[in-house]
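Protein chains in written order, with my numbering: chain A, 41 to 139; chain B, 2 to 433.
Bear in mind the hints are in silico, worked out from the structure with no lab data behind them. No experiment lies behind these values; they were computed from the predicted model shown. There may be inaccurate statements among the hints.
Below, simulated BS3-like cross-link-like pairs (lysine-lysine); rule was C-alpha separation at most 25 angstroms, straight line [said to hold, decoys possible]: (1) B/K89 x B/K343; (2) A/K63 x A/K113; (3) A/K80 x A/K67; (4) B/K343 x A/K113; (5) B/K225 x A/K80; (6) B/K343 x A/K63; (7) B/K247 x B/K301; (8) B/K272 x B/K359; (9) B/K418 x A/K63; (10) B/K359 x A/K80; (11) B/K343 x A/K67; (12) A/K63 x A/K80; (13) A/K113 x A/K80; (14) B/K359 x B/K418; (15) B/K274 x A/K80; (16) B/K359 x B/K343; (17) A/K80 x B/K272; (18) B/K272 x A/K63.
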Amino acid sequence: MAREIILDVSELEPPQPFEEALKQLRKLPAGAYLRMLHRKQPLPLIQLLHENGYVVSMSNDPSGRWEIIIWNKSDPVSAAYCDTQFGSHIIQTDVSSSH
Amino acid sequence: MNIRGLSLETIPPIFIPLRFFLSAPLFGILASVLMLYSGADIWVTRWNVINLALTHLLTIGFILMVMFGALYQFIPVMTGQLIPGSKKLAPSIHIMISLGVLTLTAGFLSHSRIFFILALFFLSIGLSLFAGSLLPLLIARLQNQLIVFLLRILYLVLMVTLGIGLYMLLAYSAPSLEIAFRNYTDFHALWGLAGWIVLIIMAISSQVIPMFYVTPEFSRNYLKMLSLAILITLISLSLYQGEYIKTLDVLLSLELFIFVVYTLRLIEQRKRKIADVTIYFFRLSLVSLLFSIIIWWLGKYLSQQTFYFLIASVLIYGLAVSAITGMLHKIPAFLIFLHLQKLSLSRPDALSLVPNMKQVISSQNSWIQFMLFLLSYAFILVSVFFPQLTVLSAFFMLLNFSWLAYCLFQAIRLYHKTRHEILACPRLKMSI
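Isolated chain B, as found in the complex (with noise of 0.2 angstroms):
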């Protein structure tokens, strides 16, 4: 055992990740509004400033803000240290995205260049910060984890997308340097979507499906190498422009596809059948890579409007927004319960106080969040073909974040509600 003589700290305050998660779903719904507001003009260029707006509201403010929350919580669990400095940096990581993601959507339907100096100026804080704060641990010699290397991957594969993303923001920022910036933006969806987004949901998966639904363990050199190729896809796909562009399409779409399918056969494999919501927002984030792979495939027969539209709605929000809700409807309440059973060890009355997960956020809120997640999706996918119907795929996505907040809002409220309970009951000294 290689944590002998560490400091042990594997519970981080609650508030360090849950600020992260609690924000996520405001930025869904101040998406879903802009969605609404703007009903089928969304649809008709992808060059449309709401369309910029609302893609950087979902994976800024909900993606990026939930795997800042989920690297909080997960990392020390998973090597026995806190992430350096995250007690002070947190909240100011937290706040600086927040304003970011915010003065960017205001940048983007305003025009104003003072919104983009101030995106700029905030992101660029935030995401240094944490990017900074995270990098001793990715380049200390820790054990030899499957995570941890496809931290390292995701590390590198964020900061290429964030790079070529605030590079373009300096550009909009200051239109005198004369940036085409309009060049970078092909590279910045295929390294955010098929590199960024991918490696989330490969990340998460290979923690969280083994641990929850008691599967086999995945392959550990598998993933490794999966991880790496897509990577080496990714940079080839950036660099090379000649003929045999096609293979490394081909090449990355096939990558996907294995990773699809040998994770959807371990999903079958597990021990615990029970019919957890959670495991279908998986499902649905699995099968959403596979019918991204298709749209790849069938691209040249839909306009090219109509197939950024549908590829960047399957993977933002069928893969990683669906396993993400999913996400939330499990961590932030196991993270309520493990707080709430450390905060009773040392008071046996308060024993009987403290809610199973269950309670925390019943598995009818769960169900009643898939459906809405569902209902929105498959009418945001038809909208696409159909614009008209733009207003109610907008209304349902409104409900989605909507219950989301409310399911993590309430569960809050039980938490301090619980812990105040238990701090009156009268503490033991050294007793469990």
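So here's chain A without its partners, still in its complex pose (with noise of 0.2 angstroms):
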């Protein structure tokens, strides 16, 4: 089972929630994952996680506050935890590593 990092950024301003939520991943140890809980769908931290080899799954509760569930693709014990896990939701995008 991969060890869970909570973080809640849902009363922070711009930018604020993106700058947490790097610092958190680059300190993120083997084996973790992020739980992040935010009021939005944070799309262009998306789309740089998905340039730089991390998987996402987001979801939504009917309180209209999304939780999205941030892993690195090439941690294996983390990614076969993830994918059984939250891989009903992962968002797949056509963007690849493109810079």
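Relying on the hints, combine the two individually framed chains into one complex.
Right under this line is the structure:
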């Protein structure tokens, strides 16, 4: 089972949610994934994560809050766990490593 | 999630929106210089050519210019797709609009037909290219978002305003057609000021206020109904000239009043109680809308010229230029931050080089901007009654737009310098 790191950015003003997410991801240990709670869909962040080898799964609850799960594609432990747990909401886009 | 499988392009190349944002204060500077040059003559009649030139430098050169840049920036963030053809078309559209507003100004000042013909050419092409590239997105089945609804109404209102404007420009360009263009001026002004400018502020508010100030979201149904009501009232005011026209006036001012009160209350409920200067720009903008309603109703106690000058100044400078100036202190800084972050992701050594937003444009510089804006705004309003103060108000307006240009250009300089430093760092593959 992978370790979960929770990051609640739902009351932060831009660009703090973006900054906090990157800060957490830069120090994400092997076997861990990030669960981010947000009031919006952070589309620019998702684009950047896709371009940099991360997988993103996103869902929202009736109150409108978004739950964004992020894990590193190349980390076998978190990838195996997250694929099973959150695979149904993975965001697939055409964006590849384009820069 | 229905962005599955889409080409997620939410970050347009930075110079697509920035070229529009950077040009805007330059047109503001030009407008100020014109006012400085004209002095008190500007308040003699609203048909004064300098007046017409100044109005269009601000509405097309500043407001429309920023609106285009903002749409290039925000539509991808909201819909996950770039405006079709934006990479190729945006530079041409920017040049066409810039040349269009410059030749229009030259036309008003020189009364030379050739400039009007050129303005008609540049503006029709620039505006049609933009309108054409936005159309597929607006008629597509997008998520049922509030902003998409507001943009559709805004688009319609802008097309009517610009359509009437271009028709009048045709009259200037070809006097032989004998178009009685002055009949359309009031409709052009009504749709532009009470429609386009108000709806821009409504659309910006609905996105920016909840996002940056962490307030509750705007009620979707409420803003949809309100924007629709404004559209219907504008159409009725344009087509109907009967005895109930006053009722329509009351209705329009009531709609605007409700919007102001609702939005100010929303700002009061914000969770981030920080003294951010842009929130003061927003408040000033909304209070100006309130002020315009009061002027509208006290209009009969003022001379017709005073009424026109006051309401146009309050709506153009107080409502639109204020909120947009506030936004220009936030959005470009955010864009620069975002693009530098993007660049530094694959270069771990570059992380410490990325400035935060406050380093791109400092709070102190934003406060100076607010003070200069306030000063210029106050002097403009006072000089409507005391024309001898016009030169002073033009001077403060010049300071205001020059300061804005300085803040934006030094932000760009920082962007180039930091980008260069980041690119000099070694790159790692597939890492954040």
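Quick rundown of the hints versus the structure:
{"no.": "1", "hint": "B/K89 x B/K343", "result": "holds (22 angstroms)"}
{"no.": "2", "hint": "A/K63 x A/K113", "result": "holds (18 angstroms)"}
{"no.": "3", "hint": "A/K80 x A/K67", "result": "holds (24 angstroms)"}
{"no.": "4", "hint": "B/K343 x A/K113", "result": "holds (19 angstroms)"}
{"no.": "5", "hint": "B/K225 x A/K80", "result": "holds (20 angstroms)"}
{"no.": "6", "hint": "B/K343 x A/K63", "result": "holds (13 angstroms)"}
{"no.": "7", "hint": "B/K247 x B/K301", "result": "holds (13 angstroms)"}
{"no.": "8", "hint": "B/K272 x B/K359", "result": "holds (20 angstroms)"}
{"no.": "9", "hint": "B/K418 x A/K63", "result": "holds (23 angstroms)"}
{"no.": "10", "hint": "B/K359 x A/K80", "result": "holds (23 angstroms)"}
{"no.": "11", "hint": "B/K343 x A/K67", "result": "holds (17 angstroms)"}
{"no.": "12", "hint": "A/K63 x A/K80", "result": "holds (19 angstroms)"}
{"no.": "13", "hint": "A/K113 x A/K80", "result": "holds (24 angstroms)"}
{"no.": "14", "hint": "B/K359 x B/K418", "result": "holds (17 angstroms)"}
{"no.": "15", "hint": "B/K274 x A/K80", "result": "holds (20 angstroms)"}
{"no.": "16", "hint": "B/K359 x B/K343", "result": "holds (18 angstroms)"}
{"no.": "17", "hint": "A/K80 x B/K272", "result": "holds (16 angstroms)"}
{"no.": "18", "hint": "B/K272 x A/K63", "result": "holds (23 angstroms)"}
The structure agrees with every numbered hint stated previously.
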